[in-house]
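Trainee: So the protein lines, in turn, are chains A and B.
Residue numbers for the first sequence follow the UniProt record's numbering, beginning at 1 and rising by one.
Residue numbers for the second sequence follow the UniProt record's numbering, beginning at 1 and rising by one.
These aren't lab readings, by the way, just hints derived from the structure by calculation.
A few of these clues could be false.
Straight-line C-alpha distance at most 30 Å; calculated DSS-like pairs for lysine-lysine [stated by the list, open to error]:
id, chain 1, residue 1, chain 2, residue 2
1, B, 3, B, 283
2, A, 249, A, 232
3, A, 234, B, 34
4, B, 34, A, 326
5, A, 347, B, 131
6, B, 81, A, 93
7, B, 285, A, 234
8, A, 84, B, 19
9, B, 286, A, 332
10, A, 234, B, 81
11, B, 56, A, 234
12, B, 344, A, 384
13, A, 375, B, 131
14, B, 293, A, 234
15, B, 131, A, 234
16, B, 283, B, 344
17, A, 332, B, 81
18, A, 378, B, 413
19, A, 354, B, 81
20, A, 384, B, 285
21, B, 19, A, 232
22, B, 207, A, 375
23, B, 81, A, 378
24, A, 232, B, 81
25, A, 93, B, 131
26, B, 81, A, 375
27, A, 378, B, 283
28, A, 234, B, 344
29, B, 471, A, 392
30, B, 286, A, 378
31, A, 326, B, 402
32, A, 378, B, 285
33, A, 234, B, 286
34, A, 343, B, 56
35, A, 384, B, 81
36, A, 232, B, 283
37, B, 34, A, 84
Not close to chain A: a few residues of chain B, all C-beta gaps over 10 Å, as computed [to be verified]:
id, residue
38, 80
39, 90
40, 257
These numbers were taken from a predicted model, which means no experiment stands behind them.
Virtual Cβ for every residue (Gly too), placed ideally from N, Cα, C.
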Amino acid sequence: MLSKLTLEEAIIKLDSKEISSEDLTRSVLSSIENKEKDLNAYITVDAENALNKAKLIDTKRAKGEKVGKLAGVPVAIKDIISTKDLLTTAGSKILSNYIPPFDATVTKKLKEADTVIVGKTNMDEFAMGSSTETSYYGPTKNPRDLTRVPGGSSGGSAAAVAADETIFALGTDTGGSIRQPASFCGVVGLKPTYGRVSRRGVFAMGSSLDQVGPITKTVKDAAIALEVIAGKDKLDSTSVDMEVPEYSKNLGKSIKGMRIGLPQEYFEGLDSRIAENIHKAVERLASEGAQVVDVSLPYTKYALAVYYIIMPSEVSANLAKYDGIKYGYSAKDAENLMETYLKSRAKGFGPEPKRRIMIGAYALSSGYYEAYYLKAQKVRALVKQDYEEVFKKVDVLVTPTSPVLPFKIGEKMTDPLQMYLADVYTVPVNIAGIPAISVPANEVMDLPVGMQIIGPQWEEEKILNMAYVYEQNKEVS
Amino acid sequence: MIKFETVIGMEFHIQLNTKSKMFCRCDNYSAEAKPNTNTCPTCMGFPGTLPVANEKAIEWTMLLGLALNGKVADSFNFERKNYFYPDLPKAYQITSSTNPPVVGGYLDIVTSKGESKIRINHIHLEEDAGKLVHASNGNYSLVDLNRASTPLMELVTEADFRTPEEARVFAENLRSIVRYLGISSGNMEEGNLRADANISLRPVGQKEFGKKVEIKNMNSFKSIERALEYEVKRQTETLSEGGTLFQETRGWDENKGKTMSQRSKEEAHDYRYFPEPDLPPFKPKKEVIDRLKAEMPELPSEKRERFEGEYGLTAYDAMVLTSDVELARFFEQGVEEIMKKESKDFIPKESAKKLANWTLTELLGRLNAKGISVKNSPIKSRQLADLIALIDEGTISGKIAKTVFDEMFETGKNPEEIIKDKGLVQITDTKALEETVDAVLDNNPKSVEDFKAGKAQAFGFLIGQVMKETKGQANPKIVNEILRKKLS
Numbered sequence: 001m002l003s004k005l006t007l008e009e010a011i012i013k014l015d016s017k018e019i020s021s022e023d024l025t026r027s028v029l030s031s032i033e034n035k036e037k038d039l040n041a042y043i044t045v046d047a048e049n050a051l052n053k054a055k056l057i058d059t060k061r062a063k064g065e066k067v068g069k070l071a072g073v074p075v076a077i078k079d080i081i082s083t084k085d086l087l088t089t090a091g092s093k094i095l096s097n098y099i100p101p102f103d104a105t106v107t108k109k110l111k112e113a114d115t116v117i118v119g120k121t122n123m124d125e126f127a128m129g130s131s132t133e134t135s136y137y138g139p140t141k142n143p144r145d146l147t148r149v150p151g152g153s154s155g156g157s158a159a160a161v162a163a164d165e166t167i168f169a170l171g172t173d174t175g176g177s178i179r180q181p182a183s184f185c186g187v188v189g190l191k192p193t194y195g196r197v198s199r200r201g202v203f204a205m206g207s208s209l210d211q212v213g214p215i216t217k218t219v220k221d222a223a224i225a226l227e228v229i230a231g232k233d234k235l236d237s238t239s240v241d242m243e244v245p246e247y248s249k250n251l252g253k254s255i256k257g258m259r260i261g262l263p264q265e266y267f268e269g270l271d272s273r274i275a276e277n278i279h280k281a282v283e284r285l286a287s288e289g290a291q292v293v294d295v296s297l298p299y300t301k302y303a304l305a306v307y308y309i310i311m312p313s314e315v316s317a318n319l320a321k322y323d324g325i326k327y328g329y330s331a332k333d334a335e336n337l338m339e340t341y342l343k344s345r346a347k348g349f350g351p352e353p354k355r356r357i358m359i360g361a362y363a364l365s366s367g368y369y370e371a372y373y374l375k376a377q378k379v380r381a382l383v384k385q386d387y388e389e390v391f392k393k394v395d396v397l398v399t400p401t402s403p404v405l406p407f408k409i410g411e412k413m414t415d416p417l418q419m420y421l422a423d424v425y426t427v428p429v430n431i432a433g434i435p436a437i438s439v440p441a442n443e444v445m446d447l448p449v450g451m452q453i454i455g456p457q458w459e460e461e462k463i464l465n466m467a468y469v470y471e472q473n474k475e476v477s
Numbered sequence: 001m002i003k004f005e006t007v008i009g010m011e012f013h014i015q016l017n018t019k020s021k022m023f024c025r026c027d028n029y030s031a032e033a034k035p036n037t038n039t040c041p042t043c044m045g046f047p048g049t050l051p052v053a054n055e056k057a058i059e060w061t062m063l064l065g066l067a068l069n070g071k072v073a074d075s076f077n078f079e080r081k082n083y084f085y086p087d088l089p090k091a092y093q094i095t096s097s098t099n100p101p102v103v104g105g106y107l108d109i110v111t112s113k114g115e116s117k118i119r120i121n122h123i124h125l126e127e128d129a130g131k132l133v134h135a136s137n138g139n140y141s142l143v144d145l146n147r148a149s150t151p152l153m154e155l156v157t158e159a160d161f162r163t164p165e166e167a168r169v170f171a172e173n174l175r176s177i178v179r180y181l182g183i184s185s186g187n188m189e190e191g192n193l194r195a196d197a198n199i200s201l202r203p204v205g206q207k208e209f210g211k212k213v214e215i216k217n218m219n220s221f222k223s224i225e226r227a228l229e230y231e232v233k234r235q236t237e238t239l240s241e242g243g244t245l246f247q248e249t250r251g252w253d254e255n256k257g258k259t260m261s262q263r264s265k266e267e268a269h270d271y272r273y274f275p276e277p278d279l280p281p282f283k284p285k286k287e288v289i290d291r292l293k294a295e296m297p298e299l300p301s302e303k304r305e306r307f308e309g310e311y312g313l314t315a316y317d318a319m320v321l322t323s324d325v326e327l328a329r330f331f332e333q334g335v336e337e338i339m340k341k342e343s344k345d346f347i348p349k350e351s352a353k354k355l356a357n358w359t360l361t362e363l364l365g366r367l368n369a370k371g372i373s374v375k376n377s378p379i380k381s382r383q384l385a386d387l388i389a390l391i392d393e394g395t396i397s398g399k400i401a402k403t404v405f406d407e408m409f410e411t412g413k414n415p416e417e418i419i420k421d422k423g424l425v426q427i428t429d430t431k432a433l434e435e436t437v438d439a440v441l442d443n444n445p446k447s448v449e450d451f452k453a454g455k456a457q458a459f460g461f462l463i464g465q466v467m468k469e470t471k472g473q474a475n476p477k478i479v480n481e482i483l484r485k486k487l488s
């Protein structure tokens with residue numbers, strides 16, 4: 001089945017004309033057709049345009065015309081990333097009719113690379129959640145166990161990749177939304193350094209935390225995808241003008257003498273079977289010559305608290321533009337301006353965005369700002385400093401991606417705090433703005449377990465290489 | 001009766017005339033554009049759009065700061081001011097008042113009570129909102145986002161004004177400065193310069209401020225002064241009658257000549273300011289600040305002093321000429337033309353004085369009467385310089401020059417052309433003039449007798465007659481000489 005191909009394999013087979021983009025795209029579309037009723041990984045499938053694009057690429061190739069780097073490869077894009085003329089909902093009722101007039105920079109880059117966009121993937125509403133259950137379009141199921149969640153918020157992207165409903169996908173990660181679903185679905189998820197990838201066209205959740213990244217079948221695929229989407233964007237002032245290394249060509253370097261830090265705070269209070277598996281994975285890395293040292297990140301314990309001040313504060317402003325005036329859902333029964341605002345927002349947003357808007361508006365209120373937002377910013381600096389200090393001693397950090405195994409659908413929906421705790425190992429990385437990757441480790445009870453490898457700012461190469469070495473030397477369980 | 005002291009602080013919004021908007025690259029000039037045509041997803045607040053700051057607008061804010069003796073901050077940042085309104089598409093305005101780009105500064109102004117120093121608290125930069133157009137039947141409102149994200153500077157003064165006149169003069173000087181810097185047209189009527197005032201009264205000698213009233217909707221320099229004068233009167237009367245003042249916002253009604261209450265403090269918003277995460281803090285570079293200082297044009301006060309010293313103009317003439325950058329430019333171009341004509345590297349003070357007189361009394365009067373800007377003057381500096389040279393050379397008399405000037409103003413023609421076409425060249429031919437003088441003396445024996453009897457006025461009358469005979473074209477100096485000779 002062609003849909004099982006990795007990105008790397010697909011490029012080779014397409015370039016050598018062993019397969020056509022049309023056949024590959026059809027294979028992916030038929031996976032979607034067969035599995036979507038169970039999985040609900042997509043909000044929109046754009047089969048017709050995808051096939052047209054695939055055929056166009058095949059024709060270009062046949063004529064020997066120049067084609068893009070990922071020409072003819074099907075890709076799925078999280079539904080919070082703008083795609084010109086293609087419905088983009090952020091998993092919310094309030095944008096259930098929103099068709100963007102422009103492409104996000106990452107979408108533009110994917111189009112320039114001649115990928116075939118097959119559709120837009122399901123997600124927690126406005127990327128708020130860790131299970132893809134808060135979507136207006138219903139929950140996505142975990143392909144490995146349909147009774148379980150795929151993680152979130154990029155659960156649709158992770159499930160689609162895991163179920164061969166695409167060759168690779170893009171997700172966004174504000175507090176773990178790429179890594180945690182990758183972990184739950186048994187695929188690779190990379191959150192780049194904040195500023196590495198443009199946020200232009202990505203609907204903002206936590207503007208100082210959000211970052212786009214790839215969800216893929218292999219580490220090499222993640223490297224290939226990152227090469228395509230990374231780079232300074234004039235339209236995003238927080239994107240940084242740094243050279244983008246050829247990530248995919250720098251994999252497989254010896255890790256002999258590399259120092260791996262195990263932060264003790266990341267091995268407390270978690271499912272012991274997960275801890276055990278991560279330790280085993282670290283042993284594999286040690287056997288490849290890496291040195292393993294115990295380290296401490298004392299401020300990590302405050303990261304989640306900091307996150308739940310800063311993120312909702314930014315959310316409260318970022319989601320204010322959805323007011324029923326310009327685009328998206330607008331309440332029809334409103335009598336005046338105030339009612340238009342109130343009714344459109346009351347009916348358009350689900351409970352989780354509302355919760356975060358209220359927390360954020362509260363934290364920013366006059367009289368509370370200093371105690372909450374300003375204090376959180378100060379602690380944020382300390383969390384960041386923690387990592388800077390530790391990276392003077394080690395090359396990378398290894399932790400579990402999630403403290404828990406993929407949980408049952410509905411299990412945590414009634415307890416937001418339990419849901420928030422699912423991100424306890426991923427959130428600090430966003431607080432610090434550094435890169436991290438989740439790579440599948442050995443499974444527990446046939447359920448995937450992700451190993452998180454965290455690197456210093458701009459050092460995606462290091463974590464990709466470490467993840468790649470592990471992936472290549474992983475013992476078969 | 002208690003005597004009250006007026007305390008006023010001002011806030012000015014100055015629209016920058018950058019090429020593009022503050023946070024996107026849409027055209028910043030929308031005067032002739034149809035509604036919602038100078039827009040893009042960014043200034044319309046579409047999901048996923050991000051602000052990209054206009055570097056020029058930041059530089060210009062620093063430039064104004066430096067011109068007003070302020071300090072450019074080592075680091076400043078934008079922030080979000082959150083509120084819902086249909087003309088604000090993101091539902092927050094990006095501003096920079098908490099950590100502004102410019103802090104401190106002052107401007108010295110001169111009013112009828114003398115010189116005063118007005119301190120500036122800070123200048124910050126922000127984006128404007130769009131515009132709402134309300135249906136006449138009140139059933140709906142339309143949103144026009146052409147103006148959304150237009151760069152606005154906000155200049156906040158200290159509460160240093162003690163009279164409404166000071167507030168008006170400061171505003172006029174501020175307009176003059178932004179026009180000198182070329183960063184804004186500073187036109188209050190068109191809303192490029194907007195003023196709000198905070199005014200309170202306190203018993204003379206009291207340190208604490210009284211209840212502050214904010215005055216809005218003052219749409220001209222004159223209305224700043226009028227509104228504040230009204231408010232001083234209203235507050236004085238209220239307090240004198242034992243009444244209480246409220247902290248409130250009042251709008252100036254130009255037609256009624258009154259301020260009207262708009263909203264009280266209880267309705268004040270909580271804007272939930274926080275730093276704009278989409279724009280990293282700015283750290284102005286020393287090189288940029290040095291460059292701005294080096295490129296700083298001569299400012300009105302400096303130019304005024306130079307006009308007095310270098311050209312020997314009166315303080316008043318220098319003040320009026322330098323109050324408007326276009327007028328000052330017009331004058332200085334005239335100076336250059338005269339220097340070129342006379343092949344000198346300086347201008348004689350008499351010539352400068354003459355040029356100033358013609359510019360201020362003749363030209364400015366006509367321009368103002370017709371509502372034409374100096375920039376669009378039908379008479380160019382070179383032409384005025386030519387006219388003055390023609391007078392100096394004796395080609396035409398000062399009197400004829402006024403006729404020529406009128407014609408120039410009407411037609412925009414060069415003075416030489418008008419003089420030639422109309423035959424207005426001054427008669428300097430002594431022989432011809434002697435004949436005319438003889439004829440006048442023959443026709444006015446009574447006046448000749450009067451003069452000889454010691455009546456000096458008779459001499460003037462006889463010169464007048466000669467001028468009349470020659471339709472004003474006789475060179476008065478030569479006529480004078482001939483007449484004196486013949487009568488002696």
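Trainee: The structure should be examined with respect to each hint, and the outcome stated for every one.
Mentor: Structure-based check of each hint:
{"no.": "1", "hint": "B:3 x B:283", "in the structure": "48 Å, violated"}
{"no.": "2", "hint": "A:249 x A:232", "in the structure": "21 Å, holds"}
{"no.": "3", "hint": "A:234 x B:34", "in the structure": "28 Å, holds"}
{"no.": "4", "hint": "B:34 x A:326", "in the structure": "18 Å, holds"}
{"no.": "5", "hint": "A:347 x B:131", "in the structure": "28 Å, holds"}
{"no.": "6", "hint": "B:81 x A:93", "in the structure": "26 Å, holds"}
{"no.": "7", "hint": "B:285 x A:234", "in the structure": "20 Å, holds"}
{"no.": "8", "hint": "A:84 x B:19", "in the structure": "28 Å, holds"}
{"no.": "9", "hint": "B:286 x A:332", "in the structure": "55 Å, violated"}
{"no.": "10", "hint": "A:234 x B:81", "in the structure": "24 Å, holds"}
{"no.": "11", "hint": "B:56 x A:234", "in the structure": "16 Å, holds"}
{"no.": "12", "hint": "B:344 x A:384", "in the structure": "69 Å, violated"}
{"no.": "13", "hint": "A:375 x B:131", "in the structure": "37 Å, violated"}
{"no.": "14", "hint": "B:293 x A:234", "in the structure": "28 Å, holds"}
{"no.": "15", "hint": "B:131 x A:234", "in the structure": "28 Å, holds"}
{"no.": "16", "hint": "B:283 x B:344", "in the structure": "48 Å, violated"}
{"no.": "17", "hint": "A:332 x B:81", "in the structure": "29 Å, holds"}
{"no.": "18", "hint": "A:378 x B:413", "in the structure": "71 Å, violated"}
{"no.": "19", "hint": "A:354 x B:81", "in the structure": "20 Å, holds"}
{"no.": "20", "hint": "A:384 x B:285", "in the structure": "26 Å, holds"}
{"no.": "21", "hint": "B:19 x A:232", "in the structure": "24 Å, holds"}
{"no.": "22", "hint": "B:207 x A:375", "in the structure": "36 Å, violated"}
{"no.": "23", "hint": "B:81 x A:378", "in the structure": "21 Å, holds"}
{"no.": "24", "hint": "A:232 x B:81", "in the structure": "28 Å, holds"}
{"no.": "25", "hint": "A:93 x B:131", "in the structure": "29 Å, holds"}
{"no.": "26", "hint": "B:81 x A:375", "in the structure": "20 Å, holds"}
{"no.": "27", "hint": "A:378 x B:283", "in the structure": "20 Å, holds"}
{"no.": "28", "hint": "A:234 x B:344", "in the structure": "53 Å, violated"}
{"no.": "29", "hint": "B:471 x A:392", "in the structure": "98 Å, violated"}
{"no.": "30", "hint": "B:286 x A:378", "in the structure": "28 Å, holds"}
{"no.": "31", "hint": "A:326 x B:402", "in the structure": "61 Å, violated"}
{"no.": "32", "hint": "A:378 x B:285", "in the structure": "26 Å, holds"}
{"no.": "33", "hint": "A:234 x B:286", "in the structure": "24 Å, holds"}
{"no.": "34", "hint": "A:343 x B:56", "in the structure": "41 Å, violated"}
{"no.": "35", "hint": "A:384 x B:81", "in the structure": "27 Å, holds"}
{"no.": "36", "hint": "A:232 x B:283", "in the structure": "20 Å, holds"}
{"no.": "37", "hint": "B:34 x A:84", "in the structure": "25 Å, holds"}
{"no.": "38", "hint": "80", "in the structure": "5 Å, violated"}
{"no.": "39", "hint": "90", "in the structure": "5 Å, violated"}
{"no.": "40", "hint": "257", "in the structure": "32 Å, holds"}
Hint violations for this structure: numbers 1, 9, 12, 13, 16, 18, 22, 28, 29, 31, 34, 38, 39, all remaining hints satisfied.
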